[in-house]
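Visitor: Respectively, the protein sequence lines represent chains A and B.
Going by my numbering, the residue at position 44 of the first sequence is 44; the numbering climbs one at a time, nothing skipped.
Going by my numbering, the residue at position 66 of the second sequence is 66; the numbering climbs one at a time, nothing skipped.
Derived from the structure by calculation, the hints contain no laboratory data.
Being a predicted model, the structure only gives us computed values, none of them experimental.
Any given hint could be a false lead.
[Stated by the list, open to error] Between beta-carbon pairs, the in silico distance windows are:
(1) B:G69 / A:L91: 17 to 23 Å
(2) B:G100 / A:A189: 49 to 55 Å
(3) A:M133 / B:K74: 16 to 22 Å
(4) B:A104 / A:K70: 37 to 43 Å
(5) B:D119 / A:D174: 42 to 48 Å
Cβ coordinates follow ideal geometry from the N, Cα and C atoms, glycine included.
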Amino acid sequence: MLIMDKKVLIDEHVQLMLRFQAGDESAFETLVEFYKSRVVGVAYRFLQNPEEARDAAQEAFLKMYCARQKYEPGTSVFASWLYTIVNRVCLNILRHRRRHPVQRLEPEFGTEGGKSGQQLEDSRAEDAMLTLMQAETQAAVRKVVAGLPETERMAVILDQWEEMSLAEIGLVLDKSVSAVKSILFRARAKLKIKLAGYLDQEGEG
Amino acid sequence: MDCRDYREKMPEYNKGLLNPEQIMRFEKHLGLCPMCRREAARERRLSTLLEGWTIPEKELGFDAQLAAGLASIKEKERKRGDRWWRKLISPWTLRLAYSGLAAAVIIVGVILAGRLRSDFLFFQAGNTDLIITQEMEVLQEFDLLRDLELFEYWEEIEGVEPADKENS
């Protein structure tokens, strides 16, 4: 059922892209609306900086707008084509970051649950403890994902959060299905080693 | 299949991407192998752990920036579209131009190959006499040049023309 839904969705997005190619701007708006949070999410997890992630997403959509005539529905599904652009934009931002290193203020990932210290005091002790633990776990996951090499990081993001197939990830990263499989295997092995404390802790509980 | 093969297939198993026969084989192996069972549980926990990393809604908006960027691109495209030669560029005209270029390259290649082949066939057909005659003519031209050089040399050395010298 899920696969069927995904297939229908893919066809729908290809149709929207073809309409956009033919000059229908509303089709572009529909695509942006659907993929906006996904693209920011991918960029956010890849770059781990909210501002850069928003810039990357915006740039990716603008590039998509400019390159609309280059899209060929037969060669790739729409999401793969879009995420290929996102991947390139993110890599460019990383390159720029390496060439022009600046002291960046680390975003407050630890309080991503949306509660400030004061609010935590007000809430019940159990909830506060749970939120703190979640925040700590999220911070650990963020740090470990950030430590992966770029290709492995993007592969894990597309596999885990975007639920893309190996073939679709291969199109984004320009790799074969077997190469993607081994990249993911390697990346997950690294994640399991680095997050061993959390994995075993949960296993005991 | 050994444990390594099963471990490679674990993500697909956890996502429910294996076919019923593969699932049956997989679960049979998990029932027999405690190490793989442990690894499958760790794989599932890793996925749960990663899924727990959510992004706050407030970080996802960028509508105003995108609208401004789009307006700028549309303006540029409009200006570019006003140029007369831009109107000629379309996927079809580009394809036509590329086809023309490819045809020109093929024609030049065929002509060059034809000329090389005719020279080769000419030589192979035993027309060596004609070739030797042509070469002799070239050598004679070289002889004439040498004579001319000698003539100029005499002129320079003796200040007399060879004809005068012969008469005296």
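Visitor: Against this structure, judge whether each hint is valid.
Guide: Okay, the hints, checked on the actual structure:
no. : hint                        : result
1   : B:G69 / A:L91: 17 to 23 Å   : holds, 20 Å
2   : B:G100 / A:A189: 49 to 55 Å : holds, 54 Å
3   : A:M133 / B:K74: 16 to 22 Å  : violated, 49 Å
4   : B:A104 / A:K70: 37 to 43 Å  : violated, 26 Å
5   : B:D119 / A:D174: 42 to 48 Å : holds, 47 Å
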